[in-house]
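Protein chains: 4
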Amino acid sequence: MTHSVAILGASGYTGAELVRLIATHPSLRVAALTGERKAGMAMAEVYPHLRHLDLPKLCTIDEVDFAGIDLVFCALPHATSQAVIKTLPDGLKVVDLSADFRLRDPAAYEKWYGKPHGATDLQGTAVYGLTEFYREAIAGARLVAGTGCNAATVQFALRPLIEAALIDLDDIIVDLKCGVSGAGRSLKENMLFGERSEDVAAYGLGGTHRHLGEFDQEFSEIAGREVRISFTPHLVPINRGILASCYVKGEAQAIHAALESRYADEPFVIVLPFGTVPSTAHVQSSNFCHIGVAGDRIPGRAMVVSTLDNLCKGSSGQAVQNANLMLGLPETEGLMLAPVFP
Amino acid sequence: MTHSVAILGASGYTGAELVRLIATHPSLRVAALTGERKAGMAMAEVYPHLRHLDLPKLCTIDEVDFAGIDLVFCALPHATSQAVIKTLPDGLKVVDLSADFRLRDPAAYEKWYGKPHGATDLQGTAVYGLTEFYREAIAGARLVAGTGCNAATVQFALRPLIEAALIDLDDIIVDLKCGVSGAGRSLKENMLFGERSEDVAAYGLGGTHRHLGEFDQEFSEIAGREVRISFTPHLVPINRGILASCYVKGEAQAIHAALESRYADEPFVIVLPFGTVPSTAHVQSSNFCHIGVAGDRIPGRAMVVSTLDNLCKGSSGQAVQNANLMLGLPETEGLMLAPVFP
Amino acid sequence: MTHSVAILGASGYTGAELVRLIATHPSLRVAALTGERKAGMAMAEVYPHLRHLDLPKLCTIDEVDFAGIDLVFCALPHATSQAVIKTLPDGLKVVDLSADFRLRDPAAYEKWYGKPHGATDLQGTAVYGLTEFYREAIAGARLVAGTGCNAATVQFALRPLIEAALIDLDDIIVDLKCGVSGAGRSLKENMLFGERSEDVAAYGLGGTHRHLGEFDQEFSEIAGREVRISFTPHLVPINRGILASCYVKGEAQAIHAALESRYADEPFVIVLPFGTVPSTAHVQSSNFCHIGVAGDRIPGRAMVVSTLDNLCKGSSGQAVQNANLMLGLPETEGLMLAPVFP
Amino acid sequence: MTHSVAILGASGYTGAELVRLIATHPSLRVAALTGERKAGMAMAEVYPHLRHLDLPKLCTIDEVDFAGIDLVFCALPHATSQAVIKTLPDGLKVVDLSADFRLRDPAAYEKWYGKPHGATDLQGTAVYGLTEFYREAIAGARLVAGTGCNAATVQFALRPLIEAALIDLDDIIVDLKCGVSGAGRSLKENMLFGERSEDVAAYGLGGTHRHLGEFDQEFSEIAGREVRISFTPHLVPINRGILASCYVKGEAQAIHAALESRYADEPFVIVLPFGTVPSTAHVQSSNFCHIGVAGDRIPGRAMVVSTLDNLCKGSSGQAVQNANLMLGLPETEGLMLAPVFP
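Protein sequence lines correspond, in order, to chains U, A, D and E. Every position in the first sequence, counted from 1, becomes a number in my numbering once 1353 is added. Every position in the second sequence, counted from 1, becomes a number in my numbering once 1353 is added. Every position in the third sequence, counted from 1, becomes a number in my numbering once 1353 is added. Every position in the fourth sequence, counted from 1, becomes a number in my numbering once 1353 is added.
Treat the hints loosely; a few may be bogus.
A pair counts as met if it fits within one copy or between any two copies, since identical chains are not told apart.
Claimed, not checked - Each computed DSS-like pair below joins lysine-lysine, with the alpha-carbon atoms no more than 27 Å apart:
1. K1439 to K1391
2. K1541 to K1391
3. K1602 to K1391
4. K1464 to K1602
5. K1464 to K1541
6. K1446 to K1541
7. K1391 to K1410
8. K1446 to K1410
9. K1468 to K1439
10. K1468 to K1541
11. K1391 to K1446
12. K1439 to K1410
13. K1439 to K1464
Just so you know, these hints were derived from the structure itself, not from any lab.
Taking the hints into account, I'd like the entire structure generated from these sequences.
This is the structure:
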């Protein structure tokens, strides 16, 4: 049975990635694509790589007839998303790819996003979209909040270790490298080819990156106490990919064993042999996450490295995975595409 | 029904690309992977991006039991390929990705490859693998010779124009840009990142590139007279992609109409609106070929630009497309993967 | 003796490149830097790579005291440049890097730039800035018009051949590849890293690129008859560099000999051995131009390939070379910096 | 006065970089270039970007007449270097760019390099080449051991902090990102463009990278006790550049003040304003090192980020800086070239 979906905000990179994935998904069909500023245009004009597909034209949200829609992917900008979702028909299933419903606590939301939440009723009902850890709740949810792409990468590495109390919770340092597509298609001087090519630099310094709100919420809940990590993202000149290098205090072999055990039955999370660490290029354009563990010459220290594609497993792939669950489809349907290398 | 295939020479980029495509192909199953120097290794060690797949270990060709194999993809180096294929069981279907069976004339082979062909009997039976133009012969063939990746790109642009006598056959200039994966995974100083990044340069100058043999054979046959084009490839710092800029003498609008008409029913070849030209990034990792036509301020001149992914539509995707035909499967099966962008 | 220079429009890439070159120029000193929108900022904020230099703050043009200035580099946008230059003190020497004074004929200017020239008096006095061909006139000029970067690259390859009547003037096809810095630092969606990385595509199709005006003017004057070339630029994912592949009809050896002879005493233009063609990476960040010639299998055809760095030899390096002549300094002063490779 | 220098091992990237720098150095002249496997070739054949220079042909070391040489740059592979240097004339000044003389303790050398040192007499006399910290000893040295490029980057960030006892010596974590030219021009599969482009990955895991020997030696000596840091390098797809992200425990403002004070008079080491961190692109192809400091939301933690060009300040630029001192020339001579951006 085919389910009709709408993609709100289809003119951004995550919108285009949703269309790419749904193109070969056997049970999903794109019924509507919205883009306020590009309404009226064919998707092929905005994204010529999708030219072979028979897609509806971009329209405004107002023009969408939600009656025949089974599920909405909301790939709108932060803040816009909450304003739109609260106007959608009551029973309509929604996978939100923005940051608007990731934080459950209104105060935490206000702290990290600088203003009060505009849809606190919905906020309380949203399920955090990290599929491998919220699977059952997602299957029964009406609104799922897609995680931050950096937040997902780091959580795959650290959640099982916090759960199993294998690492020192007061000394977790995460140095993350991410590709430029994470910044989206909006016009910023520092995202020009001439500025990024040949450049590596840190950003979001000093604990100011908004994904920290997700870490604080999730890690503290798992640990049953407040957990605060140090986290610094760096921009690297690749299109897709996030690599999180997590420096922790704990026994490397035990850490590796815990990760292997936790992910043994997960189709998309792969733990590499001990001492092997992953490469962004090896998960590119796929829904897989690779994790590796190595020890250090200083006893009691370990490094856990995880990588995934920010647009796919970190965002649109995760969204489809969650939509599969919400629609009663097999979780992996349409998502087993092998990474593209080189 | 699932067909079992073997990939001979699976440790190169085209071998890995075959595995990637077959991974989500509903009717093909990888039964054997060979790699003489890497025999005994797991494919995941050679290509960690394929780690999620359950694949046979690499073995030597001698170790393969061809009894249960329905079709062989031969991704071996030039010259090795002919030596191996002539030892394969008689009825076994073969798609060769090397240059060994592209030229039908033994003299032409010797001219371009510098030594006599070692399997001239087979040479006479091989069908040239440009699917869109040899579809019926391929469906009935035992041995199909995959085209050169550059050769395919240019032929998609020019064959219909030569057939329709729309361009001056004595003044065709092709300036081609190709990505580095076309050179394969072998160790060459000029393929190091430090040498290729930030570099653009021509190679195969003066009409010495071996794909000229294919152009001469094919274009002369279509035209019914000798046709010789000028052809100069350039290396550009992208992983995947070929863009052929063809400068021809003819009426641009008529050229565009002829291409549109010729490819109207082709699932993988897309002609863009007149005046729009394609981008390598918009076909990346896919089996699609985009073609565009523009006029020039000098009347009677036109530019035809075609682009495809050298590893996919230019090589392994084409091979799967041909295998589909040879095995009686739908031609597009497993190949409708949307391009990955960005 | 040190000469004081002002750079108008220092916040663009060519402005920053001028500062880079002047930083180690023994006889030039930056006395003023302007940037209307960034007035008041330190150059180190706009271009942190220049942080080690002791530079004046950016100011508005109105704030510059031209009394102590010996020469002005005008790196302003097209059209703005003519409006500003006509307000500068009468005797002040000016090197303009914009397109405003490249075309000597007001009608040609209007044809290519879409509106009448706003300073036709000055237009008649400007000297075309291709140093190697206008050396004497430049030395005595008050206003020098820097050439287009693409225009310079192609002219180095073709001028001597047209002068010597070695090639068919009615059949010149130029396929040019250029790096992204040529588009400057302005915000355009197609200049984002995600859009350009892994992409090659043609632009300025069908004889619409404005540099054609320069080719028409210069080549026709040399030939003593109207000359119209076919010219198609392509964007390639490198920061700096232009490679022009010129397809001509003529004897390759004679062409090579003519180029070698013409440039034998030029310090910045190097003709490679016959059959060797240049690479953008080998002139990067320098004021050198490399030219190579190869024959074709079709007798009577040749390929001339020239390359230079668009920001340096194609723009700011050329500007300093011209300023040296205008100020009576040795032409090569400050410009013998070796290319950076890799 | 011009000093004649020989470059042993001129066919590698650091050799070519030495030639580039000496090309515009007013007091140095290249008198001999060696390359055992490329002896007899012109440097322009090996490195066409140096084609404009009048250079001696590559020869074997045996062919060099050291009589007229004032100083030798030794850019040979590790282990080869010590074997060659001990055969050089006694009084000849040598700047070694290999790892052979970086460690003063023969046992440490054997531990990190896996075999006994072959020139222990010389080993005791070599001065460690980190100019800003060994300036006086270098000026009087006969043999200077160039530092590792990673080792230099990290020491610029941490030495002043260890000296001033501003950070916890037992909890220093360094996550380093380095460009591919650091691996040199040798043929390695993982250095192919297709393998590195779009890839980020850690290497030298678990405290096995040889530059750790340098950190142990230097940091322990400064601290007066054993210091062991955690250090993990990552390969990023840029040509040149190292960025070291150092996570330390200490007061960020005090750390920043100490670095500013320490480097206030250093011409090549620039400390950015507090809270600003550096970019590899902003030091590219130069001899500058940029350092930035930021605090963390967790009190008592700080991040120190340093960056330099591995081939220049990290290797050949440092070597010229040391040669200047050894020859009694101004330390900055020939090295004030501004970074190239973009």
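Results for each hint:
With identical chains, the CA atoms of K1439 and K1391 are at most 27 Å apart within one copy only, with a shortest distance of 23 Å there and 42 Å across copies. Proximity of K1541 and K1391 under a CA criterion of 27 Å is satisfied in both settings, with 19 Å inside one chain copy and 16 Å between copies. Taking the shortest Cα distances, K1602 and K1391 never come within 27 Å of each other, neither inside one copy (50 Å) nor across copies (38 Å). Taking the shortest alpha-carbon separations for K1464 and K1602, only the inter-copy value of 26 Å comes in at or below 27 Å, while the best intra-copy value is 29 Å.
In this assembly of identical chains, K1464 and K1541 lie within 27 Å of each other by CA distance solely inside one copy; the values are 25 Å within and 33 Å between copies. Within a single copy, K1446 and K1541 get their C-alpha atoms no closer than 33 Å, and across copies no closer than 36 Å, so neither meets the 27 Å cut-off. Taking the shortest alpha-carbon separations for K1391 and K1410, only the intra-copy value of 9 Å comes in at or below 27 Å, while the best inter-copy value is 41 Å. For the identical chains of this complex, K1446 and K1410 are intra-copy neighbours only, at 22 Å inside a copy versus 44 Å across copies, given an alpha-carbon limit of 27 Å.
For the homomeric pair K1468 and K1439, the shortest alpha-carbon distance inside one copy (17 Å) is at most 27 Å, but the shortest distance between copies (51 Å) is not. With identical chains, the CA atoms of K1468 and K1541 are at most 27 Å apart within one copy only, with a shortest distance of 24 Å there and 31 Å across copies. Taking the closest pair of Cα atoms, K1391 and K1446 come within 27 Å of each other only inside a single copy of the chain (25 Å); across copies the shortest separation is 48 Å, beyond that limit. Taking the shortest alpha-carbon separations for K1439 and K1410, only the intra-copy value of 24 Å comes in at or below 27 Å, while the best inter-copy value is 50 Å.
For the homomeric pair K1439 and K1464, the shortest alpha-carbon distance inside one copy (22 Å) is at most 27 Å, but the shortest distance between copies (54 Å) is not.
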